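Which chain is which? The protein sequence lines are U and P, in order. So the first sequence is numbered by our numbering: it starts at 1 and just counts up by one. So the second sequence is numbered by our numbering: it starts at 1 and just counts up by one.
Honestly, the hints are just simulated from the structure, not real lab data. Remember, it's a predicted structure, so these values are computed and weren't measured experimentally. Treat the hints with care, since some could be wrong.
[Claimed, not checked] Derived SDA-like pairs: lysine to any residue, alpha-carbon spacing no greater than 25 Å straight-line: (1) U:K362 x P:D112; (2) U:K362 x P:D115; (3) U:K362 x U:R449.
Residue strings, one per chain:
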Amino acid sequence: MSWLVPLPVVVPLICAGLALTQARRPRVQAVISLAALSVVLTVAVVLLFQADAGPLVVNVGGWAAPVGIALVVDRLAALMLVVSSIVLLGVLAYSVGQRASDVESSDDEQTPVSVFHPTYLVLAAGVANAFVSGDLFNIYVAFEIVLGASFVLITLGATSDRIRAGTIYVIVSLLSSVLFLIAIALIYAATGTLNLAQLGQRLPELPEGTQLALQVMLLLGFAIKAAIFPLSAWLPDSYPTAPAPVTAVFAGLLTKVGVYAIIRTQTLLFPNGALDDVLLVIALLTMVVGILGAVAQDDLKRLLSFTLVSHIGYMIFGIAVASQVGMAATIFYVAHHITVQTALFLVTGLIEQRGGTTSLAKLGGLAKLAPALAIIFFVPAMNLAGIPPLSGFLGKVGLLQAGIDLGTPLGYAVVIAGLATSLLTLYAIIKAWNKAFWQTAPSELPKVRTPRSMFGPAAALVVASCAITFLAGPLYRYADDAATDLRARSPYIDAVLVDGVRGDGQSTEAEPTDDATTTAPEPGGEDE
Amino acid sequence: MIVSDNTPSMVLVVVMGALIATGVYLLLERSLTRVLIGVALVGNGVNLLILIAGGAAGAPPLIGSSDEAMSDPLPQALVLTAIVITLGFTAFILAMAYRSWQLHGHDEVQDDVEDRRIARRAEQGELDTRSDEATANAALEAAQVRDETEDVPDATSKEGHR
Numbered sequence: 001m002s003w004l005v006p007l008p009v010v011v012p013l014i015c016a017g018l019a020l021t022q023a024r025r026p027r028v029q030a031v032i033s034l035a036a037l038s039v040v041l042t043v044a045v046v047l048l049f050q051a052d053a054g055p056l057v058v059n060v061g062g063w064a065a066p067v068g069i070a071l072v073v074d075r076l077a078a079l080m081l082v083v084s085s086i087v088l089l090g091v092l093a094y095s096v097g098q099r100a101s102d103v104e105s106s107d108d109e110q111t112p113v114s115v116f117h118p119t120y121l122v123l124a125a126g127v128a129n130a131f132v133s134g135d136l137f138n139i140y141v142a143f144e145i146v147l148g149a150s151f152v153l154i155t156l157g158a159t160s161d162r163i164r165a166g167t168i169y170v171i172v173s174l175l176s177s178v179l180f181l182i183a184i185a186l187i188y189a190a191t192g193t194l195n196l197a198q199l200g201q202r203l204p205e206l207p208e209g210t211q212l213a214l215q216v217m218l219l220l221g222f223a224i225k226a227a228i229f230p231l232s233a234w235l236p237d238s239y240p241t242a243p244a245p246v247t248a249v250f251a252g253l254l255t256k257v258g259v260y261a262i263i264r265t266q267t268l269l270f271p272n273g274a275l276d277d278v279l280l281v282i283a284l285l286t287m288v289v290g291i292l293g294a295v296a297q298d299d300l301k302r303l304l305s306f307t308l309v310s311h312i313g314y315m316i317f318g319i320a321v322a323s324q325v326g327m328a329a330t331i332f333y334v335a336h337h338i339t340v341q342t343a344l345f346l347v348t349g350l351i352e353q354r355g356g357t358t359s360l361a362k363l364g365g366l367a368k369l370a371p372a373l374a375i376i377f378f379v380p381a382m383n384l385a386g387i388p389p390l391s392g393f394l395g396k397v398g399l400l401q402a403g404i405d406l407g408t409p410l411g412y413a414v415v416i417a418g419l420a421t422s423l424l425t426l427y428a429i430i431k432a433w434n435k436a437f438w439q440t441a442p443s444e445l446p447k448v449r450t451p452r453s454m455f456g457p458a459a460a461l462v463v464a465s466c467a468i469t470f471l472a473g474p475l476y477r478y479a480d481d482a483a484t485d486l487r488a489r490s491p492y493i494d495a496v497l498v499d500g501v502r503g504d505g506q507s508t509e510a511e512p513t514d515d516a517t518t519t520a521p522e523p524g525g526e527d528e
Numbered sequence: 001m002i003v004s005d006n007t008p009s010m011v012l013v014v015v016m017g018a019l020i021a022t023g024v025y026l027l028l029e030r031s032l033t034r035v036l037i038g039v040a041l042v043g044n045g046v047n048l049l050i051l052i053a054g055g056a057a058g059a060p061p062l063i064g065s066s067d068e069a070m071s072d073p074l075p076q077a078l079v080l081t082a083i084v085i086t087l088g089f090t091a092f093i094l095a096m097a098y099r100s101w102q103l104h105g106h107d108e109v110q111d112d113v114e115d116r117r118i119a120r121r122a123e124q125g126e127l128d129t130r131s132d133e134a135t136a137n138a139a140l141e142a143a144q145v146r147d148e149t150e151d152v153p154d155a156t157s158k159e160g161h162r
């Protein structure tokens, strides 16, 4: 069944082309993209169960692994695929609903209909590609696909604000891509391969200083993408100005693609943990600085963007601890955070639609005006803060446990910072809740109805984020198994390089030791 | 002589350094057009770096075309991909710079209004009040923060563009 592996990338790409041909028929476009993402979701769920038996590998074009490009779905990738396709589908349904209502009210926020669907599908393909690819350069290409699509989405309509915010986003993203590309060039120069599995074999043989330099370069590129302090300043500036569904999907997925890349490279390529202490400090700073930023905000979207930055810190925390408990908790936390953050941004979109603004200085009294809205905001908000029965709490407990197991002063410091961040998240979000929902509005809010077509998908995502709480048992077990695989490394490497050197498929003259003949200035370079 | 066969040309290394250095300098500018040139320069610099990573130049990248050693074809494939990607993004930034010029009469990256507003309100100690006087001033200020990239006095030249 490994033929399923490329589908999450191929199906959205083909459908993006199809949707582009139907530019004048928004309904047909909507049907095409909803169908495409439903297929992807189905495939992802099947892959989730299949990957439980071991990683699935496809050698693209039939070329054996280190020569050709390998696509790999292991437990981590499968889980990410499922969660991301749920979120992508939910947000798409929401934006279809919004589009329908926008046409009636035709405000200036209305997005150009024809490019949205194709671009969105390209984004979906890029995200999936980043998750399944087993080749460093292919990850770079996936990032660029995602970036290209996100550039278009963040500047939809090209209003003054969006151009301003988009400029920052575009330049910072391009910079991170350049750093990533430099890292790729250096890694290729040092090892003569870009296949992740083969890199996992070769990188640990390099001198430690070289390894460290390569690791820092890779982390720099990914850290900008994942918005890790001090490389996070671009995020709260650029995300909030985009249309609500776009912000929601960016907040949920794009930073997590960066986090996924960090998890993958830290565990597979640099297992010696040379930078773990540095990462712990960075995680601490990200959590604290991010949440302090959130406390100061009085615009709901910006507040949520800052909490997003802050909670990336938790994931880096788990990665830095690098123990079994920490890694499992990180994977669980990523899954939880993708759904919750997206749900919150979608609900914020509803608040904007209902109240005409997201400024907490102007909103008020929504609990009375729109009780249903109040409920679907309150539940994910509490989930984000980590109130006990919900999944945010479960993820945080795992992370704190891992931090305490570490037993070092730094470990305890990060645990305390994590607790403080959780408390401050609660404070920030309760403050927002009070202002928007309980206090009376300074001036009368406009009388509009929330269309059911927008409310439904947002509510569905909230339910999905709660479902993670109910499925926490099996999900945590799955995350735990995924963490075991990641830490062992051999399941991934053995699945890609079946006989230890080559994967399945054809390749010319399979020399046993070194296929990248002329590259490496390493002692093994065997030309002539 | 295996090692020297693989040693890339020094000229390439120097050119790469120069491209990236000038590119980074331009990236730090406020004007989008300069940033654009910066992106292009850095992009080409990194492409050269990948070529350098592939070893010495000169040999054909195909098996069996001659008896000599073949050079590694993979970096060339990577560079080709990177060039295409850079091209696409260059076009996008160009469009964005043009749109910015259409909207504002210049193509400079503006300061973030919201940051200024929050700072203003914190200064006045009214972070939690519901008054909102700071907004208008902050927006105006952010729009006025510009780098002097033109020699001509500002107001007249901008009118001229429109």
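Evaluated hints:
no.: 1; hint: U:K362 x P:D112; result: holds, 20 Å
no.: 2; hint: U:K362 x P:D115; result: holds, 18 Å
no.: 3; hint: U:K362 x U:R449; result: holds, 18 Å
When held up to the earlier numbered hints, the structure conflicts with none and fits them all.
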